[in-house]
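Novice: Each chain is listed here by its residues.
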Amino acid sequence: MSPSKPSACPRCGAAIPARAAEELCPACLLAGALEAPDEFPRELGGYRLLGVLGGGGMGTVYEAEQTATARRVALKVLGHELDSPEMRQRFLREGRLAAGVSHPNSLYVFGTEEIEGRPVITMEIAGGGTLGDRLKKRGPLPVAEAVDAVLDVVSGLKAAHAAGVLHRDIKPSNCFVSSDGSVKIGDFGLSVSTLAQDDSYLTGTGVILGTPAFASPEQLRGRELDVRADIYSVGATVFTLLTGKPPIAGRNPVEVVAAALEERPQALTELRDDVPAGLAQVVARCLAKRPEQRYPDYAALRAALLPFGSTRPEPAPLGRRLFAGFMDVAVCGIIPAVAAYAFFGFDLDDGLLFTERSPAVIAAWAGLAAFFVLYHALFEGLFGASLGKALMGLRMARADGRAPGLGRALVRSSINTLFGNLGKLLCFLTITAEQYAAGGAVVVGASNLVAFLAYATMRRRNGFATVWDLATGTRVVLRPKRAARPAIDVVAPPAASASGAEPIGPYSVAAEVVPARWISARDDALRRRVWLRRRTSELTPARRDVARPGRNRWLQSVETPAATWDVFEAPPGVPLRDLLRGDGGLSWESLRHWLHDLAAEVASAAKDRTLPPELGLDHVWITAEGRAVLLDEAWPGGDGRGELVAVADLAGRQRFLHGVAARAHPATVPLHARVVLDSLAAGSFEKLSFLVGSLRSLLSKPARLDRQLRAASLLAVPLFLMTFVSLLVIGDRAGGGSMSAESGLPEVLLIPILTLFVLGACLALPQLVVLLALRATPGQFVFGFAVVDAAGAPAGRARLLVRWLIAWSLPAAVFAYCGWVGEADLGGLHSLSLLALLPWLFGLALAVLRPARGPHDRWSGCWLVPR
Amino acid sequence: MTDPPAPGPHGFTTTRWSLVAAARPDEASRTRARAALEDLCRAYWYPLYAFVRYRGHGSQEAQDLTQSFFARVIEKDGFASADPGRGRFRTYLLGAMKHFLANEWHRARAQKRGGEVRFVELGALEPDALDALEPARPADPDAGFDREWALRSTARALERLREESERAGQEERFEALKGCLTGAEPDRSETAARLGLTAGALKVAVHRLRQRYRELLRAEIAQTVADPSDVEDEMRHLVDALRGETGTRL
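Protein chains in written order, with the numbering used here: chain D, 1 to 867; chain C, 868 to 1117.
Be careful, since some hints might not be right.
Claimed, not checked - Ranges of calculated distance between the beta carbons of each label pair, as one might list FRET restraints: (1) A1051/C with K289/D: 28 to 36 Å; (2) A1068/C with E686/D: 42 to 50 Å; (3) A1051/C with A267/D: 30 to 38 Å; (4) A1066/C with D649/D: 53 to 61 Å; (5) T564/D with R1103/C: 33 to 41 Å.
These aren't lab readings, by the way, just hints derived from the structure by calculation. Glycine included, C-beta positions come from ideal geometry on N, C-alpha and C.
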């Protein structure tokens, strides 16, 4: 009898020996019997096991309660069947890598230990199962829900990457849902460090690392990996959440691997109708076979996913939309007009259209309209925004947030163009050349007003939809802004004990924060920093259980003959006081996050009675990721700035938070935030939750003026006017041209000087009048910024006048010289005088580069802040 | 061959190997010990036979040697040299066989030629069946022996579980669910439908089968160690032996 081919164990993958009874893998039979019976509750070391949460890559995860503290944890126990020195090493490394990531979207690791000879990782319990469970239970998820979940995953992965960890095994069953609905990444069983040189790339022979259906081609090939491998897995995860099956499938792992290397996954849109084409493109880009074709980093991926999440984009403010329109008309007007004149000698003037009515003129007009249509269709269809909209921070979206797509954009811009030319078209069909000459021109001009009919449908409730918006189901919306926390630089703490002090429990002492009471130490097994605080009074169970980003977690207690130490997480960072050294204060952009963190933490701590009785600035710790953490005890070395406030009541809590808010540089605080801060200063919030809500809403508003908007605010009107002037001059030249002769200016100077004139007449002078009357210009409202003084208050008239004079003096001088000297110009100084505009243009560039404070703002003692 | 008593909720206090290892010189004790040893030897003859094959002996010769070894160990009170400190039947048996092969095999072979002992009925097996049972040759014969030992322990517990199921008229259920004993999860809905069980009842059935196998396997292994607290350690050792290497067929 010839031996039959050994089959593989479905559980461990090893070949089943020919003589194995019942064709069952004997090793798994033994290992299965070694596992303690799955009866709950039962004891394991210092824990009471309450149930099985799941089987991770390397063992079983139990829900457990720490007997001594009653804290609920997840306990990951290395499986017997996997117990080998190599697996042990990998298992403990998992703990170490995961412990390096402390982020609200990553499961927190409390520690590692050995119980009954088996390595165990103690972790935070998420409580809501995994995304894989959710998928099994409910089937494919709604688009926005899936995207929201994955955005959380991306945040967690970003933090992991910042901590130097590549996850390498992202899939729905490794994404854990917490009780508040947020999603946390876990199971760092296959992760590697991108930093530690000694962290070798551990692979068992013949062991496939990763889950083939979710692993990138380079991972399956065993090549070197970077963040883009995890991005691939994120794409596969979105795909699975939306369709219920992974992008790459096969009957066995070999088929899956072959398909993952060769085959292109099916397009999401083919599998599910309601998946936006834009999202399908994002996922397809994540799943690109070559890493360089994927998103380069998490910031880019996040920005791409954001429009498809549940956060609905805000409708574009009308002012910005109007300016975007100006800019687009400038682009669509000047380019074809110049081209038509330069190449064909056509003057695109209404008069010619009506008087000549030649096919050539009609064709030119049709060409212009076609250009307008194509310009919008292409830019908005392909990129989601025309140049003007992009510059104004706007984009096009369908009602569900998707990009419009080429076809829809084409229909939309055709309707738009039709309305824009409707009046003219009607006139062209009804008015003869003679009638036009005899006063019909006025009618034609007036007929252009028909275009405004299209705007009659705009209502707040329909997202300010015009006729073409309604017809195509599209809207113009604000491009979502990322309110990313600015990270801070942290000097690495001393790595080892400087004093040669005895270790306390498993922790080696690094430094004493407060002698004999507060010690900065290092957990060598997990390679992370901890704080040890000598216990003077028992910690409340509530404090031990705190698992909020605004508070450092309690890890365990350690008994020494001399004292009991409570061990806390010590997130890398600095005390807030260290950031206050230097001038002015903190920028609002950072401080607003910290203020919100602290307010949320104070509100939560007040509820579960874990708030220290007194708080001051020295109780605030800022982590390297830019999160504020409330310390239980003041960081030592306060110099009087950290005055303590009793926070037993609401007034005290507001006083403490106001103390933090007051550290903002006043001239960086936007006007919209001043209202909230003033109320805080007055202690007028009736509940802390109201304050938290107000501060949260501030996070979604701009914290500073960005370059793009500043450029738009400086250039939109001048560009439009220049287009207008250029068209005038071109028209004049086409008609035989008398402007140059009349003004006495050389041809080359006509456009710049006329533009200056129009700028002065249409912009600068009206601006001065309005400024002096209202202390603000309409442009500031449209672009959403305000001019403030050093104290953060809206700048006074005198200051605004100075600022205006600085801004306009140079062009005024040039214009005055050229305009007044005119024909009497000696030696062509006209042209040279234009050189005087160079510093002005340079100042303009500087104002764009430093949007919060251009040269004219600086010299007049002003700052620009969002309104 | 008698099976060990089925473990009850209280487990065992005296195992077969502890009887052997702690045998006192009085006749009653020796008789009990001999019976216990005989049982064990019958159960675990194959790993020893395989070990002899690993050492390079032909199939027929290995059968003869194994027979002789058992005869000698049991008939000649070989267990008197058992060291309770070593704790395990497996290690004792291997040590004794090595000693036997080094010093006494030629004498034993002469005795065999006299045809006096047929301890294990190898002849009852068809030559083809024996061929199929040929062990793979491992790099390390000791490890190979442990591996065969582990296979035998798990198989014996499985045999008992099957017998129990058959007695209870649940043969079909055993067939359908035995795969779960390795920790694998069955296709719940399909299996439940096939067995005519509700999902809850299936879960309970899987749980019970696993529980029972765990008891039987532990009981089996407990028979070969002197101290019941060594059971887990022995099991771990056997898992390691199984995970160690695969060997090549002879």
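Novice: Now, for every hint given, state plainly whether the structure supports it.
Specialist: Quick rundown of the hints versus the structure:
no.	hint	verdict
1	A1051/C with K289/D: 28 to 36 Å	holds (33 Å)
2	A1068/C with E686/D: 42 to 50 Å	violated (57 Å)
3	A1051/C with A267/D: 30 to 38 Å	holds (35 Å)
4	A1066/C with D649/D: 53 to 61 Å	holds (55 Å)
5	T564/D with R1103/C: 33 to 41 Å	holds (36 Å)
Of the numbered hints listed earlier, the single one contradicted by the structure is hint 2.
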